[in-house]
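Student: The listed protein sequences correspond, in order, to chains H and D.
When the letters of the first sequence are read in order and numbered with the numbering used here, they come out as residues 112 to 793.
When the letters of the second sequence are read in order and numbered with the numbering used here, they come out as residues 55 to 363.
Hints are computed from structural coordinates only; laboratory data are not their basis.
These figures come from a predicted structure and were not determined experimentally.
Honestly, I wouldn't trust all of these hints.
Listed below are the simulated DSBU-like cross-link pairs for lysine-lysine, each with C-alpha atoms no more than 30 Å apart in a straight line [unchecked claim]: (1) H:Lys737 - H:Lys537; (2) H:Lys761 - H:Lys546; (3) H:Lys369 - D:Lys162; (4) H:Lys633 - H:Lys593; (5) H:Lys722 - H:Lys553; (6) H:Lys546 - H:Lys603; (7) D:Lys350 - H:Lys537; (8) H:Lys593 - D:Lys350; (9) H:Lys633 - H:Lys514; (10) D:Lys258 - H:Lys369; (11) H:Lys761 - H:Lys737; (12) D:Lys258 - D:Lys190.
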Amino acid sequence: MNATAAAAVSVLVRPFARIPEVQRRRTLLVLLTAIALVMPILLDNDANTDSLANAAAYATLALGLNIVVGFAGLLDLGYAAFFAIGAYTYGILTAFQLQPEWSSFWEPFHFLGLVARMPAETGDGSVVHFTLSFWLGLPLAAGLAAFFGVLFGFPTLRLRGDYLAIVTLGFGEIVPIVVRNWSDLTNGAAGLNGVAAPRLFGWSFGVDAVPYYYVAIAMVALLIFISIRLRDSRIGRAWMAIREDEIAAGAMGVDRTKFKLLAFAIGAAFGGMTGVFYVAKLQTATPEMFGFPVSVMILVMIVFGGIGSVWGVVLGAFILQLLQSWWLQDLSEWLHALGRLVDNAWLQRIDLVPSIELIFGFILVGMMLFRRQGLIPATRPQAALSIEQQHAEIRRGGFSDLKLQGLGGDVRTGEAALDIQDITVKFGGLTALNKVELMVPKGSVVAVIGPNGSGKSTLFNVITGLVEAEEGSIRFHGEEIKGLPDYQILAKGIARTFQNLRLFPNLTVMENALIGQHARLKTGTLAAILRPPGTREEEMRAREWAMEIFSIFGNRLTPRTGQMVAGLSYANRRRIEIARALASRPRILLLDEPTAGMNPAETLELAEQIKSLNGLGLTVLLIEHKLDVVTTLADTVYVLDHGEVIAHGKPDEVRRNEEVLRAYLGRNAQASLAGMGTANVA
Amino acid sequence: MTVFDLLLQQTINGLSLGAMYALLALGFTLVYGILELINFSHFNVFMIGSFISLFVLQGFGLSGQEVILTGLPLVGVLLAAFLVTMAFCGGLGIVIERVTLRPLRNVKGPAAMITSIGVSYILFNVILLTVGADSKNFPNPLPAIRWHIGEATLDFRVLLIWAVALLLMAILYVFVQRSRIGKAMRATAQDPEAARMMGVEVDKVIMMAFFLGSALAGAGGLIFGLYYNFTSFIIGFTAGLRAFTAAVLGGIGNVPGAMVGGVLIGLIEAMSGQFIATAWTDVIIFSILVLVLVFKPAGLFGRIAPNKS
Chain H
112 MNATAAAAVS VLVRPFARIP EVQRRRTLLV LLTAIALVMP ILLDNDANTD SLANAAAYAT
172 LALGLNIVVG FAGLLDLGYA AFFAIGAYTY GILTAFQLQP EWSSFWEPFH FLGLVARMPA
232 ETGDGSVVHF TLSFWLGLPL AAGLAAFFGV LFGFPTLRLR GDYLAIVTLG FGEIVPIVVR
292 NWSDLTNGAA GLNGVAAPRL FGWSFGVDAV PYYYVAIAMV ALLIFISIRL RDSRIGRAWM
352 AIREDEIAAG AMGVDRTKFK LLAFAIGAAF GGMTGVFYVA KLQTATPEMF GFPVSVMILV
412 MIVFGGIGSV WGVVLGAFIL QLLQSWWLQD LSEWLHALGR LVDNAWLQRI DLVPSIELIF
472 GFILVGMMLF RRQGLIPATR PQAALSIEQQ HAEIRRGGFS DLKLQGLGGD VRTGEAALDI
532 QDITVKFGGL TALNKVELMV PKGSVVAVIG PNGSGKSTLF NVITGLVEAE EGSIRFHGEE
592 IKGLPDYQIL AKGIARTFQN LRLFPNLTVM ENALIGQHAR LKTGTLAAIL RPPGTREEEM
652 RAREWAMEIF SIFGNRLTPR TGQMVAGLSY ANRRRIEIAR ALASRPRILL LDEPTAGMNP
712 AETLELAEQI KSLNGLGLTV LLIEHKLDVV TTLADTVYVL DHGEVIAHGK PDEVRRNEEV
772 LRAYLGRNAQ ASLAGMGTAN VA
Chain D
55 MTVFDLLLQQ TINGLSLGAM YALLALGFTL VYGILELINF SHFNVFMIGS FISLFVLQGF
115 GLSGQEVILT GLPLVGVLLA AFLVTMAFCG GLGIVIERVT LRPLRNVKGP AAMITSIGVS
175 YILFNVILLT VGADSKNFPN PLPAIRWHIG EATLDFRVLL IWAVALLLMA ILYVFVQRSR
235 IGKAMRATAQ DPEAARMMGV EVDKVIMMAF FLGSALAGAG GLIFGLYYNF TSFIIGFTAG
295 LRAFTAAVLG GIGNVPGAMV GGVLIGLIEA MSGQFIATAW TDVIIFSILV LVLVFKPAGL
355 FGRIAPNKS
């Protein structure tokens, strides 16, 4: 069925395929805007316009949840809480719920038009009536919701995905309960009444649906704009890095705490704003409007439209809202007509509207089983490479034509770039590293070898802040870095690759390399949204730098920059991981078995490229099993066994070291080697 | 009543609620231990269980509180109600796993959890649309025998609930510890790959976990009806979340932990209802959930299942 649908779509789309993509998109956007603007005139029906306004409000909620779930990958099941916080913020500050006694304290607020003075109902004093403007309410509620987003987000940061879902669900339940029971503030279960309608230049929106519709559409447009700008920026890339692989995100310089909280805050702000709109439109607020079913409904919308897809979630929200308010009604009436025709009493009575939640259930299950990417997938299909592009040009002898300005430049003075002293790591009873001492001189290549389980990768994890050391010190260019969080260590100039590849599989090659530059770029949230010239330039330079780095590997990566990493060959994924690390402009590069899984020709190619990098003055620390690679590259070799350095020195010296032979081959093997020696003499 | 009597009475009430939550928590723990999935459909399997047992009791001609049974007829009716409910819910659990969750077993991310929310919604609305929104009177055929301890009362019904819950949990515990498939379950919880290579039929083990968990949830549903004398389509959500909290409190994946956690949550609910306010019970329980997850994610007794992430 999917194939048929795809075929139908392609027949429809084919005539337009000649028009350049940018132009096609622009035309579509103009068309969509025009339709949105004339819709109320076309409908000429207040109830229908009202349904559209509600659908638009849910689209803004879906956009907000999409930031949290779709971009940052944090499953939030209590999103309606922020909707409630925004709604009650505006509701309380315009309804007649709170009426403190008038005093001179309120004078300045009165001057600003935020409060009015009213005669008290009892006695002869006067009381305060809050009269917050709708337009001020929007940013205020957004800010307050964002604050609660951070507050709720904070304890959940360390939790794994599924626990996070349940904790957010808990918060989502607590907020309506507090609202229901804090009657003085919220009027409890009875709900707030008399919430003020928005006013524009003294004219009140009242209960007419049309002005609300235009406000809602404007909000949708604004939030789509913000979502897209954020998605295609340093901020959005950091979120997606967290979504794809938290550990790799940290190792590439993303401060996970900060960016997770940022996602919570921005998502919550969207929800808070929508809350203001929603209660201003209904002019009432009750706790039931913000319970778990609402959170699930918004989740259904983004699952239906496409998790992470901006246009998808808007479409999903509109379809599901209109299904509820228009189409199920129509469908029921058609069934009634059919029932009258065939004289079936059951068909005449059937009402599909209450089954909307049943439909939601089927949508959730159906989409997860059959179309997880949703109606409009977040990632578009990619063009296949041409034969020429696929043909790998084998580049031997490293590179000499690349300058790679700003990479390396360390002069071999013999001073330590990285100086590790007495590092001890214990996992429970197991000592993974025992008083390890290791020094990497500036501009050199140092290799660490040792049998499996000897602690090599643990050593890398300690240096990059993934594992805590019990004692010892790690100095990088004289500065103590032990105990720093992973993302700060990257910012100091230590970049790494992982033994078992930790790329961001559902992002493109280019995006992976751009995330590598996260710590070197400055774009903040506001700059990402407004995109001033400085930000554009930074982004352009970041892409240029990524292309420069890709050219290290000849034409292996260059034609594939727009491709998803998950679909590439193993050797190319190894190269991308190195490119991602290099993109961060490290002062030392830590490579964990870079040639694992490569064939001999590819191994040699990569070894020479590493050599060339070192020739530019880049310091390299390398874990490697292939001894020929070690011999070609390394100035110094350290041998680890059972967490201890058993030997170090020049490659040739280490190769002859008896203890090393014993560690690799075992005691008996060495004895038999010795035996063989005597046999030969005899 | 004196404070002591109140405490005693609420302990009796809390232990009854706790027995129900413990049965429900076991289902969460069994499934989570193996699949690391928070199974939201479990909430409403419990709710369906209470309706199935309602239908069975109605099938015996029982309705309301008028008909009182004693002796063999009582034992027979209760046995039939428990067996039918547990078998039905167990079967339902197997179907849910087979149809909606197995195809997603190797899919990373929240897909399986989202699916289980969908299934939960479907179950919830099927009952809402067929049985209706009003709560149903649950028959109570038990003789009204009461004992007074000070001013607190202990009735026959409560004793029966304790006895049934203890019996079921004992059977489950022995099954998981001693039986061949129970050992296979524990092995799969530790490391599904290794278990598969050692010849454990992982599909069968997962099916068994869903069957057992859902059957116990069904028994919990019947106990809910007997205890509160009503049932409704909405009971699954609150009870389910409390039971999930119980599972987390006891260390999710840990079978005895879930039992103790359930009893603790039951006691907390009863005491907070008495000494604070019923309206805040859920806030207290959710706060416990959040605090445990944040500060002691392994629960009070530690997780049996290792972290497979």
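Student: Each hint needs a verdict: does it hold in this structure or not?
Tutor: Hints, verified against the model:
Between lysine 737 of chain H and lysine 537 of chain H the CA atoms are separated by roughly 28 Å; this keeps the pair inside 30 Å, and the hint holds. Taking the CA atoms of lysine 761 of chain H and lysine 546 of chain H, the gap is about 21 Å. The hint holds against a cut of 30 Å. Pair hint lysine 369 of chain H plus lysine 162 of chain D holds up; C-alpha atoms about 25 Å apart against a cutoff of 30 Å. At most 30 Å may separate the alpha-carbon atoms for a hinted pair to count; lysine 633 of chain H and lysine 593 of chain H meet this at roughly 25 Å.
Note on lysine 722 of chain H and lysine 553 of chain H: the hinted pairing holds, with a Cα-Cα distance of about 15 Å set against a maximum of 30 Å. Straight-line distance between C-alpha atoms of lysine 546 of chain H and lysine 603 of chain H comes to about 24 Å, which keeps the hinted pair within the 30 Å bound. For the suggested pair lysine 350 of chain D and lysine 537 of chain H, the alpha carbons sit about 22 Å apart, so the restraint of at most 30 Å is met. For the given pair, lysine 593 of chain H sits about 27 Å from lysine 350 of chain D by alpha-carbon distance, which is consistent with the 30 Å threshold.
The hinted pair formed by lysine 633 of chain H and lysine 514 of chain H meets the criterion: a straight-line CA distance of about 24 Å does not exceed 30 Å. Taken as a hint, the lysine 258 of chain D and lysine 369 of chain H pair is broken in the structure, with Cα atoms around 43 Å apart against an allowance of 30 Å. At most 30 Å may separate the alpha-carbon atoms for a hinted pair to count; lysine 761 of chain H and lysine 737 of chain H meet this at roughly 16 Å. A threshold of 30 Å between alpha carbons decides the hint, and for lysine 258 of chain D with lysine 190 of chain D the separation of about 37 Å lies outside it, so the pair is violated.
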